[in-house]
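Taken in sequence, the protein lines are chains L and G. In short: position in the first sequence from 1, add 141, done, that's our numbering. In short: position in the second sequence from 1, add 141, done, that's our numbering.
Derived by calculation from the structure, the hints in this document are not laboratory data. Treat the hints with caution; some may be incorrect.
Same chains, same label: a pair holds when it works inside one copy or across any pair of copies.
As the list claims (entries may be wrong) - Straight-line distance between alpha carbons at most 30 Å, and here's what the computed DSS-like set of lysine-lysine pairs gives:
| hint | residue 1 | residue 2 |
| --- | --- | --- |
| 1 | K351 | K290 |
| 2 | K441 | K290 |
| 3 | K230 | K198 |
| 4 | K322 | K198 |
Here the structure is a predicted model, which means the values were calculated and not measured.
2 protein chains.
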Amino acid sequence: MPRELNVAVVGATGAVGRVFLEILEQRPFPINHLRLLASKRSAGTRVSVRGQELMVKEATLDSFDGVDIVFISAGAGVSRQLAPTAVEKGALVIDKSSAFRMAPTVPLVIPEVNGQDVEDHQGVIATPNCSTIQLVMALHPLHRVNPIKRVVVDTYQSASGAGGGAINELREQTRALSQGKSVTVEALPHQIAFNLFPHIDDFLPDGYTKEEEKMMAETRKVLHDQTIGISATCVRVPVYTCHSEAVHLEFENPMDPRQASYLLNEMPGVTVMGDSAVDSYPMPWDLAGTDDVYVGRIRKDPSISNGLAMWIVADNLRKGAALNALQIAEEVLSRDCLEIRSPSASADV
Amino acid sequence: MPRELNVAVVGATGAVGRVFLEILEQRPFPINHLRLLASKRSAGTRVSVRGQELMVKEATLDSFDGVDIVFISAGAGVSRQLAPTAVEKGALVIDKSSAFRMAPTVPLVIPEVNGQDVEDHQGVIATPNCSTIQLVMALHPLHRVNPIKRVVVDTYQSASGAGGGAINELREQTRALSQGKSVTVEALPHQIAFNLFPHIDDFLPDGYTKEEEKMMAETRKVLHDQTIGISATCVRVPVYTCHSEAVHLEFENPMDPRQASYLLNEMPGVTVMGDSAVDSYPMPWDLAGTDDVYVGRIRKDPSISNGLAMWIVADNLRKGAALNALQIAEEVLSRDCLEIRSPSASADV
Chain L
142 MPRELNVAVV GATGAVGRVF LEILEQRPFP INHLRLLASK RSAGTRVSVR GQELMVKEAT
202 LDSFDGVDIV FISAGAGVSR QLAPTAVEKG ALVIDKSSAF RMAPTVPLVI PEVNGQDVED
262 HQGVIATPNC STIQLVMALH PLHRVNPIKR VVVDTYQSAS GAGGGAINEL REQTRALSQG
322 KSVTVEALPH QIAFNLFPHI DDFLPDGYTK EEEKMMAETR KVLHDQTIGI SATCVRVPVY
382 TCHSEAVHLE FENPMDPRQA SYLLNEMPGV TVMGDSAVDS YPMPWDLAGT DDVYVGRIRK
442 DPSISNGLAM WIVADNLRKG AALNALQIAE EVLSRDCLEI RSPSASADV
Chain G
142 MPRELNVAVV GATGAVGRVF LEILEQRPFP INHLRLLASK RSAGTRVSVR GQELMVKEAT
202 LDSFDGVDIV FISAGAGVSR QLAPTAVEKG ALVIDKSSAF RMAPTVPLVI PEVNGQDVED
262 HQGVIATPNC STIQLVMALH PLHRVNPIKR VVVDTYQSAS GAGGGAINEL REQTRALSQG
322 KSVTVEALPH QIAFNLFPHI DDFLPDGYTK EEEKMMAETR KVLHDQTIGI SATCVRVPVY
382 TCHSEAVHLE FENPMDPRQA SYLLNEMPGV TVMGDSAVDS YPMPWDLAGT DDVYVGRIRK
442 DPSISNGLAM WIVADNLRKG AALNALQIAE EVLSRDCLEI RSPSASADV
């Protein structure tokens with residue numbers, strides 16, 4: 142039985158933070174003291190967690206004295222500002238943002254895939270982007286028995302991936318349009334109600350978005366394989382929660398859809414829907430609030446040798462964010478590696 | 142100047158039929174007499190076209206006496222039932238359904254791509270599926286200078302692709318959910334409001350849907366190239382009008398994104414948005430009611446040699462259906478081939 146920990150949550154009032162606190166009610170993570178932190182604007186909010194009413198305080202550089210683990214989910218800027226100080230004060234930072242994911246000394250972890258990587262942490266462990274997590278959860282059990290050469294993935298990402306403001310914007314725009322009024326666009330780059338756009342995060346000079354680039358780079362890092370080719374188009378759609386992904390894989394050797402289905406069902410945290418790609422398939426409306434990554438429409442891709450196509454849906458706030466972060470902390474405790482073991486350890490990239 | 146024609150429209154009160162009548166107001170197609178036909182249920186509806194108020198009549202086997210061209214957009218069953226009689230009575234049938242598309246003696250035509258094929262008709266010319274038309278409009282100008290070996294395409298298809306009932310269902314479900322009520326599902330296989338699903342048309346034994354199979358087979362037929370590999374996932378999304386497509390191409394030779402952009406912009410009926418894939422891109426909300434196929438996010442696909450990725454949006458009721466059908470008729474008139482020229486002509490597949 143591990144000792145009870147002092148835990149801080151930065152971004153406690155955000156879309157991911159709220160789900161994180163819900164998950165704390167559902168999983169027996171050993172907490173002695175829980176400190177809820179957010180921006181100055183949200184400080185003062187009262188939140189009930191595990192039967193206690195807690196007051197959210199402003200996150201500052203002085204917030205981390207005596208803290209064992211800090212979960213940060215408040216954007217890359219906040220992570221960059223606060224994480225170094227938290228680590229200096231002896232805390233382990235589990236970071237949801239993109240700030241440190243590709244740093245060579247920062248493990249990027251999906252516990253079911255590369256849980257052992259947590260042992261190499263130097264004070265920060267990153268959790269991948271939501272769209273990467275559900276993709277890699279479905280690639281890993283296949284890749285380890287039959288190497289994947291190339292992944293083509295197009296996403297259908299929900300508003301909640303852009304935070305609580307985008308959720309409200311989808312709701313408000315929908316209401317405005319149904320009353321014949323004009324819409325207000327603030328949280329997302331364009332109207333999202335009854336619309337969609339291939340634009341998530343900023344554009345890079347090569348024409349890809351950062352979101353697409355994250356999927357490519359993070360997938361390679363988590364799978365410890367820099368040879369996988371990945372082409373992605375990331376699209377925001379008018380759905381509240383759960384990201385969906387259409388995936389087309391090319392393997393080194395033939396992959397029978399029934400074998401793929403078997404391997405995926407054996408993977409912890411993955412549920413296959415539909416025995417042979419027909420009749421049933423995962424959908425975002427049904428799966429919001431669930432923990433697993435759901436895979437359906439598994440079928441041979443006849444356009445290429447050794448091709449396989451499939452369809453993946455997962456709750457981007459749970460497995461895509463808050464749940465994966467808490468699972469990383471559980472992995473750290475089960476491997477008893479809260480403290481930094483080897484300050485000179487070289488990372489996997 | 143061609144003579145004025147007697148024209149019948151079957152499915153005049155449906156989603157595509159209504160748009161077809163709108164387009165007749167906008168294009169100078171030479172009509173002597175216009176006969177509007179629909180199911181018994183819709184007979185009696187009055188519609189104003191080109192300044193005349195017309196009464197919709199029930200479509201029967203006796204509807205086609207003296208008619209030169211019949212446009213049918215009322216589902217494959219109606220086409221199968223009515224087209225043979227219309228052809229027997231001397232009319233040219235331009236059919237929007239999937240009933241005859243793959244028949245060897247039926248040209249499958251996108252006028253900008255394979256307009257010359259209309260000359261081989263045996264009384265029926267088919268217009269491809271909406272999702273095929275916008276894809277092939279963007280493939281053709283590239284394929285003719287640098288053969289495409291493989292296409293991966295994932296679609297974001299609007300409710301209107303499933304007809305007027307699906308449009309109403311999206312509207313009604315959205316209203317019900319915003320009032321905290323339960324939704325009614327009738328026109329589509331599942332709730333579409335704030336949801337999406339990879340299920341358009343029926344499932345086939347190989348795990349693909351008929352919609353996906355259509356994209357594969359029709360693309361090869363229109364391009365006269367049976368060697369192109371195509372993998373598709375077709376997804377219904379909560380958008381009213383315009384289908385969007387994320388496309389990943391593999392060419393025989395390198396294809397520079399700037400060259401692709403140039404070639405696409407030179408193609409009649411195609412508009413490129415965004416000079417180099419950044420800043421602007423086509424979106425369904427903006428483009429409903431327009432005639433062109435819009436292409437954006439044109440960029441190199443680094444996951445494969447000679448790869449290119451892009452994003453395509455078009456109004457599925459206009460270029461994807463009604464407009465393409467009328468353009469086929471215009472092509473027939475300009476080539477003066479309303480009559481069957483060579484009853485023994487062999488088709489292209």
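Would you list, in rising numerical order, the hints stated earlier that this structure does not obey? Going through the list in order, the structure violates hint 4 alone and respects the others.
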